[in-house]
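A.B. asks: Letter by letter, the chains look like this.
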Amino acid sequence: MKLKSLAALAASTALLAPMAMAEMADEMTLVSWGGAYQKSQVRAYAEPYVAMHPEVKVVWDESSNEAVAKLRAMNEAGNITWDLVDVVAADAIRLCDEGLAMEFDPDELLLPGDDGTAASEDFGDLIVSDCFIPQIVYSTTFGYRTDLVPEGVAAPSTVCDVFDLEKYPGKRALEKRPINNMEWALYCDGVAKDEIYDVLATEEGQEKALAKLDTIKDSVVWWSAGADTPQLLADGEVFMGSTYNGRLFSVIEEQKQPVAMMWDMQVFDLDGWIIPTGLSEDHLARVEDFVKFATDTKRLADQAKYISYGPARFSSAPLVGQHADLGIDMAPHMPTDPENAKNTLLYNYEFWADYRDDIDAKFQAWLAK
Amino acid sequence: MSAALTPISRKPVSFYVPVVAAAGAFAGLFIGTAQGSGLLGIVIGAVLLGVLAYAATKLVPSEKAARWGIALVFIVAGFALGALPGAIVGGAFGWFFGWFTYWLYEGRYRARLVPYLTPGQVLWHYTFRVICGAILVFLITPILVVMPLSFNAENFFTFTPEMLRLDPAGYSLKHYRDFFTNNDWQQALKNSVMIAPVATLLSVSFGTLAAIGLSAEHVPFRRAIMAILISPMIVPLIISAAGMYFFYSRIGLQGTYFGVVLAHAALGIPFVIITVTATLVGFDRSLTRAAANMGADPVTTFFRVQMPLIMPGVISGGLFAFITSFDEVVVVLFVGSAGQKTLPWQMFTGLREQISPTILAVATILVGISIALLTTVELLRRRSERLRGMSPS
Numbered sequence: 001m002k003l004k005s006l007a008a009l010a011a012s013t014a015l016l017a018p019m020a021m022a023e024m025a026d027e028m029t030l031v032s033w034g035g036a037y038q039k040s041q042v043r044a045y046a047e048p049y050v051a052m053h054p055e056v057k058v059v060w061d062e063s064s065n066e067a068v069a070k071l072r073a074m075n076e077a078g079n080i081t082w083d084l085v086d087v088v089a090a091d092a093i094r095l096c097d098e099g100l101a102m103e104f105d106p107d108e109l110l111l112p113g114d115d116g117t118a119a120s121e122d123f124g125d126l127i128v129s130d131c132f133i134p135q136i137v138y139s140t141t142f143g144y145r146t147d148l149v150p151e152g153v154a155a156p157s158t159v160c161d162v163f164d165l166e167k168y169p170g171k172r173a174l175e176k177r178p179i180n181n182m183e184w185a186l187y188c189d190g191v192a193k194d195e196i197y198d199v200l201a202t203e204e205g206q207e208k209a210l211a212k213l214d215t216i217k218d219s220v221v222w223w224s225a226g227a228d229t230p231q232l233l234a235d236g237e238v239f240m241g242s243t244y245n246g247r248l249f250s251v252i253e254e255q256k257q258p259v260a261m262m263w264d265m266q267v268f269d270l271d272g273w274i275i276p277t278g279l280s281e282d283h284l285a286r287v288e289d290f291v292k293f294a295t296d297t298k299r300l301a302d303q304a305k306y307i308s309y310g311p312a313r314f315s316s317a318p319l320v321g322q323h324a325d326l327g328i329d330m331a332p333h334m335p336t337d338p339e340n341a342k343n344t345l346l347y348n349y350e351f352w353a354d355y356r357d358d359i360d361a362k363f364q365a366w367l368a369k
Numbered sequence: 001m002s003a004a005l006t007p008i009s010r011k012p013v014s015f016y017v018p019v020v021a022a023a024g025a026f027a028g029l030f031i032g033t034a035q036g037s038g039l040l041g042i043v044i045g046a047v048l049l050g051v052l053a054y055a056a057t058k059l060v061p062s063e064k065a066a067r068w069g070i071a072l073v074f075i076v077a078g079f080a081l082g083a084l085p086g087a088i089v090g091g092a093f094g095w096f097f098g099w100f101t102y103w104l105y106e107g108r109y110r111a112r113l114v115p116y117l118t119p120g121q122v123l124w125h126y127t128f129r130v131i132c133g134a135i136l137v138f139l140i141t142p143i144l145v146v147m148p149l150s151f152n153a154e155n156f157f158t159f160t161p162e163m164l165r166l167d168p169a170g171y172s173l174k175h176y177r178d179f180f181t182n183n184d185w186q187q188a189l190k191n192s193v194m195i196a197p198v199a200t201l202l203s204v205s206f207g208t209l210a211a212i213g214l215s216a217e218h219v220p221f222r223r224a225i226m227a228i229l230i231s232p233m234i235v236p237l238i239i240s241a242a243g244m245y246f247f248y249s250r251i252g253l254q255g256t257y258f259g260v261v262l263a264h265a266a267l268g269i270p271f272v273i274i275t276v277t278a279t280l281v282g283f284d285r286s287l288t289r290a291a292a293n294m295g296a297d298p299v300t301t302f303f304r305v306q307m308p309l310i311m312p313g314v315i316s317g318g319l320f321a322f323i324t325s326f327d328e329v330v331v332v333l334f335v336g337s338a339g340q341k342t343l344p345w346q347m348f349t350g351l352r353e354q355i356s357p358t359i360l361a362v363a364t365i366l367v368g369i370s371i372a373l374l375t376t377v378e379l380l381r382r383r384s385e386r387l388r389g390m391s392p393s
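Top to bottom, those sequences are chains A and B.
All residue numbers for the first sequence refer to UniProt numbering, where the first residue is 1 and numbers rise by one.
All residue numbers for the second sequence refer to UniProt numbering, where the first residue is 1 and numbers rise by one.
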């Protein structure tokens, strides 16, 4: 009897599998970061797209954090269940190198800008990899509690105030990885901005950066998810902390917490889509159709209505308007606004691609000390 | 145990004042640590309560007046430190210490214990209870802290000043509203409700059959088979999950509803096997032979004779299987795809990507459901035992 039921089970699964495939033809799994950012994508891209194509069912998976690992596992298992994955540029470069992300021709896959510029020019240098479809420019920067600024002291205004425990005592939240922290540490240790990566490439330079971080190590709360710093700031658990500028915008403007931005030495980075390799033809066709729509000039400009990240197309910039719910002008909250972008750094993809593993190991060893 | 077993007598100052002072030092340690200096808290707590205990018992003639006095002192002190919530906490403190002082002073602690206990045994009797209580508090407090936070009017895990003042403006049901109106949460709830009962049904059927089979003496390699069947309970979950991921991917079950149900059933089966095996130990095999003797076929015997008797084991095994599936996050992250996102999965990603008190609202609801479920099962068990003429244990 047992054998019989096993056989029946096998038969039923064999029947189920092709049925599931046929049903999924109009389903699309998009992977993103969750939170306010994903909500902006839902409202700017997915909802209008579904309004045009009511037969499509969009499923969101908040797994961008572990996208690289999961895509590797999917590839190994020969079972790609994601259709479009939102990743930061550095991850896109890695996935492209490993052959897990699909290469594409920008002028073929993406629409030209509103003004007729070809996509490859409209996105310009932001297409940092052959697999990367840029969406937004964001930055990692600091925010601080306005009510925790010591009396008689000016509010912190430069990134080096983070390293000044005497003037600004209190806890700081820093991301639990060397990227950005090492650059800020060297900069505040007196290294000129354009020499940071030359110095960081050397053994002594890395020691120097860690030594600088050592001066505040006891006051640091390490974060790993984008939601951590906003929570720590809202709690008053930390005085200042680094996080993505859109998260800080949400804390300040939407949640009305006593927090202010510190744009100094913000580090620009890119976020965008990749299409996994190995999609079935019907899925690929659907995804290409969606991407074409979701990255056009209007849609990218629309996203800025919901979150303070800069659209990746040049042609979208003039269309950035007001926040959809709050009705405030979004331009002054963009990281790329001239007022905010007086002193900035651009994430150095090449440097970190070469040195990431090495410096990461040193950083983790330093953390454990 | 309500009547006094031992006559009581008043105790000397040298006994109860130091004990109350020690309790005060203990409480002072926590308050002091919260305020920045644990040592100072210990000293102040000890002195304050020692003096209060002495004054209350020696200077105030009536017990009632003295206890009210102590409570009042703490209410006023609490109010001065932390307004209304401070006064409430202070009141509870004051009431407890008033009661505690007189409990020791009058020797009431001795009343309910048998007369022949030595002081050491009396001390151990109460120390043991305090330890048990402390463990309970340690286990329960994290759950209790979550509940008021879920009524937060803000979008962070923070006790706002309004909440601490017990101002109604600091509280809101918006996170509960979010749970019931938000599509993601509703989809997750629906998935959980669709997966858990089916997985439970499978675990209970297979687990019960396996337990009955394995309890028959003529089955070869019983121990080995048992060990394999309960291995999902012993092997680290992440290992099972990764293994299932690659296996299910090959056979087309990964990312399907059926796959998640099967995976959860595999996790639930060991619980059913263990509880049913335990009840089968007390099952009298001659009953099945008697049934067969009277012409019942094995299936009838199983459903009419054996099943009702091992029901408590089946139900509690099923309950464990249900909770396992309902609470499980690791396996579903691997075996499921975004379309099978269950409640724990949604809570997990929510906690990482967007720390929103909606998670706490869901947690509070789930705690409520768990308590209701366990209470129901316990009541049913007692009822069935009463009906069968056994005394509830």
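Bear in mind the hints are in silico, worked out from the structure with no lab data behind them.
These numbers come from a predicted model, not from an experiment.
A few of these clues could be false.
[To be verified] Capping the alpha-carbon separation at 30 Å, the derived lysine-lysine pairs in DSBU-like fashion look like this:
1. A:Lys193 <-> A:Lys57
2. A:Lys171 <-> A:Lys256
3. A:Lys256 <-> B:Lys190
4. A:Lys342 <-> A:Lys369
5. B:Lys174 <-> A:Lys305
6. A:Lys217 <-> A:Lys39
7. A:Lys369 <-> A:Lys217
8. A:Lys171 <-> A:Lys208
9. A:Lys342 <-> A:Lys70
10. A:Lys176 <-> A:Lys369
11. B:Lys11 <-> A:Lys39
12. A:Lys167 <-> A:Lys305
13. B:Lys58 <-> A:Lys57
14. B:Lys64 <-> A:Lys57
15. B:Lys190 <-> A:Lys70
16. A:Lys39 <-> B:Lys174
A.B. asks: The structure should be examined with respect to each hint, and the outcome stated for every one.
C.D. replies: Status of the hints after comparison with the structure:
1. A:Lys193 <-> A:Lys57: Violated: lysine 193 of chain A and lysine 57 of chain A sit about 48 Å apart, past 30 Å.
2. A:Lys171 <-> A:Lys256: 21 Å, holds
3. A:Lys256 <-> B:Lys190: With a Cα-Cα distance of about 34 Å, the restraint between lysine 256 of chain A and lysine 190 of chain B is violated, given a limit of 30 Å.
4. A:Lys342 <-> A:Lys369: 36 Å, violated
5. B:Lys174 <-> A:Lys305: Answer holds: lysine 174 of chain B to lysine 305 of chain A is near 24 Å, not above 30 Å.
6. A:Lys217 <-> A:Lys39: Measuring from Cα to Cα gives roughly 35 Å; hence the hint is violated.
7. A:Lys369 <-> A:Lys217: 10 Å, holds
8. A:Lys171 <-> A:Lys208: Holds, at about 22 Å.
9. A:Lys342 <-> A:Lys70: 38 Å, violated
10. A:Lys176 <-> A:Lys369: Answer holds: lysine 176 of chain A to lysine 369 of chain A is near 14 Å, not above 30 Å.
11. B:Lys11 <-> A:Lys39: 68 Å, violated
12. A:Lys167 <-> A:Lys305: 37 Å, violated
13. B:Lys58 <-> A:Lys57: 78 Å, violated
14. B:Lys64 <-> A:Lys57: Between lysine 64 of chain B and lysine 57 of chain A the Cα gap is close to 70 Å, so the pair fails against 30 Å, i.e. violated.
15. B:Lys190 <-> A:Lys70: Holds, at roughly 25 Å.
16. A:Lys39 <-> B:Lys174: 18 Å, holds
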